[in-house]
Structures are given as structure tokens and as C-alpha cells.
Amino acid sequence: MTPILYTRKQPSIFKSLIVSGIILSGYPAFAWAQEGGAPDKAAEFFFYRCAGCHTVGSGKLAGPDLVTAAQWSIADLGPAIKKMEKNVGLLSAADIDQMVEFLKDLSVSERIARQKQKIEAKFRAELPPPSFETGQKLFRGQKALLNGGPACISCHHFVSEGGNLGPDLTTIKDRASGVVLQSAIENSSYKIMRSIYEKRKISGEEALHLSEYLTHPEKTDTRLVPTLRKVGGSALGGLGAFLVLLWALNQGRKGPTRKNFLLKNLKR
Amino acid sequence: MDVRAHISMVFHLDKCIGCHTCSVSCKHTWTDRPGAEYMWWNNVETKPGTGYPTLWEDQLNYKGGWVLDKNRELKLRSQDKTDFFPKLFYNPNQPGLDDYYEPWTYRYQDLFDAPLSKDQPTAIPVSQITGEPIHIEAGPNWDDDLSGSPLYAENDPNFQSLTPDEKEMLFSVERISMMYLPRICNHCANPSCVASCPSGALYKRGEDGIVLVNQDKCRGWRACVTACPYKKVYYNWKTGKSEKCILCYPRVETGQPPACFHTCVGRIRYMGAMLYDAERIEEAMKAPQEGLVEAQRSVLLDPCDPEVIAQAQKNGISPGWIESAQRSPVFKYVCEWKLALPLHPEFRTLPMLYYVPPLLPVMGRSESNIYEHDADTVFTSIDKARLPMKYLAMLFSAGNIEPVREAMKKLLAVRFFQRSSTLGDIEPDRLKKILRDAGISEAQAQAIYALTALPGPEDRFMMPPIQREESIEGTSCSPDKCKGTCGLGKTEHPQRGL
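Order-wise, the sequence lines are chains C and L.
Position one of the first sequence corresponds to residue 1 (the numbering used here), numbered consecutively onward.
Position one of the second sequence corresponds to residue 1001 (the numbering used here), numbered consecutively onward.
Looking at chain C on its own, in the form it has when it is part of the complex (with noise of 0.2 Å):
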């Protein structure tokens, strides 16, 4: 269950995507067809226009829950589809129909569900592999955010390191992972996080990335700091390089003038 994916909060990004995603590969058809799941056009059409509003058996939305209407006549639920022209734009009879039939289908659900999982599949597709090493430079701010959002580190904690003005992140995979922690952290709908990444939105693909990071905090190098070898190896380095710059500076003189002067013509 994906119930974060679709509330009415952030549906623009999924929805331009998977519009975007019907207008480059033609129609769906085609593009369904060579995944090989034979294209339910009834569950496209529902996500596509009603999806925003409703839910079948999900709860309430800004509409109300569908789960309902497989008790309504089939007169009534006509003309109740053909009243959301308002919100959706217009409705041909044969969408109506399609409609009504996908809405008293007992199958409803599973159609749903399994539309819900073809488009999860095709977003994924569109995005990179999930890559642990972007994901901690992204946390790190050792890459920076494609928006220039600040870095997660600033205020969240994870592992061994970061700030503490937000929850501390080691144990989120236990809470959530995945799709859900990926909407979560792009979506960026608390409190605090809102307000500070509303104008400076984390791509799609940075929270990718991100959840990949964050569900792993067993591979995370808990030393941030190089190794005291490494610190020793270019203090010597440093000190070496400093003793060379004070010898070539130090080539124009021999000392002390007045000293040298006395101590040369003294000994004669």
C-alpha cells in the first residue's frame, strides 16, 4: 500500500509525469503492451482524471470515497460522473460508461492496484538505479541539492553524524522505506521541512537517491574525518612543503647582515 503516493497534497509531479509519460510514448498502449499486461484503458482513465479526488476504498480525499457508488444504480451514477465535468472537463458517453462499468466492477480494487503498480514500474524506469554513494553526498551536502535546498545533514542526524535540530534519521527504514520514504522526502511535507524546501524542491530523483542512503545505514562509513594516518601523512606532507618554501625564500640571504659582516671581516 502506497497511501502517501496519492494524496491531494503533491499529485502534480506524478501527474505530469504520467502525462508526460502517455504524450512521449503515444498512447500507453504501446508502451504497455511490450511490458507485456495487457492495458486496463478503464483503470487509466480513473487514474488519469478521477484519481486526484477519489479513492476506491482508500478513504476520503477532496471527494468522497468511490467504494460506494458499486451500490448505486446505474441511472444515478451516470449523471453523478457526468456532474465532475465541471472539475475534469467533458465527459464523452463512452467515458461515462466505461466508468460506470469500472466502478460496479467487483474486481475494482484489484484493477486499481494493479494499475497502481504499472505506474510505479514506469516511474521507476524513467528514474536512475538508486545510488547509495549520490544519495550520502546528497545528505553530506558534499553534492549539492539540484534547487539549492540546504543539506539533510544541517539539521537531521544519521549514523554518526549530522545536526539535531530534526528527528534523528539511523532508524527511519524501520518506519518507512521505499516508495513511501522517497515521497516523503520529496514531498517534504513537515513542519519545518515545508516551509524551508517549498521554493527549493528536492527532485524526484534526488529522494531517490536519498531513501536509498537512508534504508542503509549499515553501509554508511561512520568516519567522516580521514584517518589519523591520512591527517599525519599531509601534516608531514604540509610541514615538508613549508620547510621548502622557507629554504627557496631563503636563498637571496646568508643571515643576519651586521653579524655576518662582523663575524667575516673580524676573523681576518
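Worth double-checking, as some hints may not be accurate.
The list that follows gives simulated cross-link-like pairs (lysine-lysine, DSSO-like), each with its CA atoms no further than 27 Å apart [unchecked claim]:
(1) L:Lys1081 / L:Lys1204
(2) C:Lys86 / C:Lys122
(3) L:Lys1384 / L:Lys1015
(4) C:Lys191 / C:Lys60
(5) C:Lys201 / C:Lys116
(6) C:Lys259 / L:Lys1081
(7) C:Lys122 / C:Lys201
(8) C:Lys143 / C:Lys201
(9) L:Lys1390 / C:Lys264
(10) L:Lys1167 / C:Lys267
(11) C:Lys83 / C:Lys41
(12) L:Lys1338 / L:Lys1015
(13) L:Lys1238 / C:Lys259
(14) L:Lys1204 / L:Lys1238
(15) L:Lys1167 / C:Lys264
Here are the in silico distance ranges between beta carbons for each label pair [to be verified]:
(16) L:Leu1116 / C:Lys264: 41 to 51 Å
(17) C:Leu263 / L:Glu1307: 51 to 61 Å
(18) C:Leu246 / L:Ala1123: 37 to 47 Å
(19) C:Lys259 / L:Pro1288: 30 to 40 Å
Chain C side only, calculated, beta carbon under 8 Å to chain L, not exhaustive [as the list claims (entries may be wrong)]:
(20) Asn250
(21) Lys259
(22) Asn265
By construction, these hints were calculated from the structure, which means they are not laboratory data.
These numbers come from a predicted model, not from an experiment.
We put the beta carbon where it would ideally sit given N, CA and C, even for glycine.
Place chain L on chain C using the hints.
Chain L in isolation, oriented as in the chain C frame:
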């Protein structure tokens, strides 16, 4: 032509008796305070000698002034773009306190407090820095009058072009000679100290060319101490800032000559306004070494030339200054008579203090050991002078003997002229020949004599009217806003020390 005004100086070395009155008056006026004890904004050196700080003329050691790089561009000898930063922290060419001396005083109180004893009580020397008893190893005039000293005089850096024979002659018994060289800041027109300062604290005043250190801006990096080839910027160990001769600008601004000029017993010092062409400085300072004196003269402008006057007025130089420059004794000595020469022009800083080389020890060597000359050998005696011409040339014309000989001939011709007018023992034709050979007219000889031997203060110091107020008005700091401030801005006590 970019005409600028400069307050400029001439020291007539023939008249210097080496009494150090100038140094004392300067010390009492400006550097008699903690941290400044070792500073001698004015000092008098015996030449031949090693000077103060020790061997200051040896720029291979101290790396002051400018040099021409391989593209014949002027470049600071002390630093360049690559090494100026590390040199802020470690500069091996910077003189240390050892190269000057550790200032000391005596425990005079011991003379009064000593218990009854068979011995005379003594006041032991104590360091003015640590307060501990010290063994005095050097002082401000440590080589004073020590010509002939195998330690000091023989190691004068200016001897490098002399042959061992010439050196030996210079120091042979009963022929030892010396001269005095009073030195203050040259207030150069191409100052390397200003160019080297990382804080931008040094500046050259627009209205009169006096080079100053802004004590508010100075951060004590001491790049100027290294870069000044004359070693006339000093570091105050107490305030942590650098200080230098200010040409007594508070006196100059009120129409008085600086303290060292005013107190000079021999009246060797002349001061007056000069006009120079700022556009020509760079080109002139790139001249080959032998031509530097002539190149430097070419930067100075004739203040009577109508075109120069017009350009000067265009640049905002007041009629008072122009008039002062026209009557300036410095212009006469440097440009008109060509008697005065810059000290070490090979440092390429265009010093605005000029020296008339000394003729006095000239009654030199003749075969019979009688220090005399006759009119026939008048000019050859210059070449046989006890202080070799080569030596003077190393001091005043970057090794080129010609400008020095030219000046010496004129000085000697003036002597003959005066001898003829007082004793009448020189035939008029011979005198005319001498004057002609020296390249001066009778009128000029008369004028040189008058300005050398007879001048009153009003002749020696042609003080230009100073327009500090006008110049300040030209900037954002108007006199009413800056009331209670001096020329350097607000008077503040340094944060550290004092």
C-alpha cells in the same frame, strides 16, 4: 604632459660638517618615544663607511628598490606576484633589529643610589626594549668618522667598481679622507615602498609629493621596510606599525622648513617646489643605468616654460606654487646648473632629494705630496682627488663618472672665479677658459657662489604656499567635517602599546 608639484630638496655636501644637529633635532621632535628609539628619520653617515642600517646600500642583500626584468619592465626587487604572500610571514631580506642596533640607555639612578665604596659608581647600559643590562655592540653612528677603518670604511658597498690599488690609495696613511652624507627619506617620485605595501597604507600626497604611512591602515607587514632601498621606513616594535620621515609636514604646511633643515648648522639644506611630468616617470626609470641621472632630470620640468605653466594650471597647481617653483633653489641646483645629483639613482625610485657632491677633499694627491694645484692642472686634479671620482659616481650617478665630473668642474671653476675676484691672481683669459671648460658663465658662477656661500633662510627655503585645505576640499573630507583632525585623518592612539 601630466604636471605635478613636488616639494624637493638639495643637500650641499661641501658644507656638511657632520655635526648631527639635524639628527638630534629630528629625534627630539619625532622619534623620542618607545618603539622609535632606533629610528633615525634623519641620520648622517660617514662615507666611506657601511652606513645605517649596516650595509644598507647592498641591494643584493636587502633587495630594495626597482629592477628591470627581462622584458625591460620595472619590477620590485623585494617581491613579485608569486612570493609576496609567503614573504608577509617570512622575509629573509628584511633588516632585523640586529642590523640596526638595540636601543639602550644607562641606569643613571645607580650613580646616586650606589652604596659607599672605594670604586666610582657607574651607570651600566640597559636595553630600552627589555630593560636588561646589555653589551653595546652597535649604535646609530657606529662607523662615524671611521674612514680608513678596515672594518667599516673598506667594506663600503660603493667600492665594488674600484680597483684594489685605488682603494689602497684612498686609505693610505695621511691621505685618508671622508665625507658626510646626511640622509632623510627621499620622498621618491617612483616610491617602491608605496608599491610594496599590502595594506595600501603608504601614499604620496598629491599636493606636494610627501610620502607618508597612514597609521590607521598600516598592519605592520613591513614589506615597505624591505622594499625601500634607502632603508628609511622603520618598524615601530611598540605600536606594531611602520613609520618614516614625514618631512615635518605640519611645519611645511605652515610655511616653515622641516626641523632638520631649520637647525642645520652648515646651512647645507635647500628646499623648494619643483614641477615634474608624472607621465614620463615610468619611461625615465627604465633608462639604462648610465643614463639614469639624465633621465631623471628629463622628468623635471622648467617652471618658466609657458606650456608647463598652462598644463600645471590645468592640473590645479596654484599660481603660488608655480611662482615658488620658478624661484626654487632646487631647480637651480638640479636643472639649471646641474650640480645636484640624486643619491643612488640605480635604485630607480626617482629620489627627490639631490646632493651636490663634495669638492673639499679634492686637494688631493700630487707627486710632491703638496696639496695644491695650479690653473694648468685645474681639472686633472679632480681626477686625482682623494675621494676617487669613481666612488662619487657610485653614490650619485649609478657608476657613470660624467655627471659627477661635470658638477665637480663647475664647483672648481666657481672657486677659481672667486679666487680671481678676491685675490686677482688669475689672468682673465685663463679664468674665462676655466669657466668655459666647466660650461658656466660668469653670471652663473656668481649665482652659484651666492647661493652656496651667502644664502639666508629665505634663499634656501623657498617654501611654497601649502593648500592642504584646498586639497582636502577636493576630497570627501571637507575642513568643517574633518575639524580636529590632522592631515592623516583622525588622530587616534594605536590599539597596541603606548
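Checked against the structure, which of the hints given earlier come out wrong? As far as the earlier hints go, 2 and 6 are violated by this structure, in ascending order.
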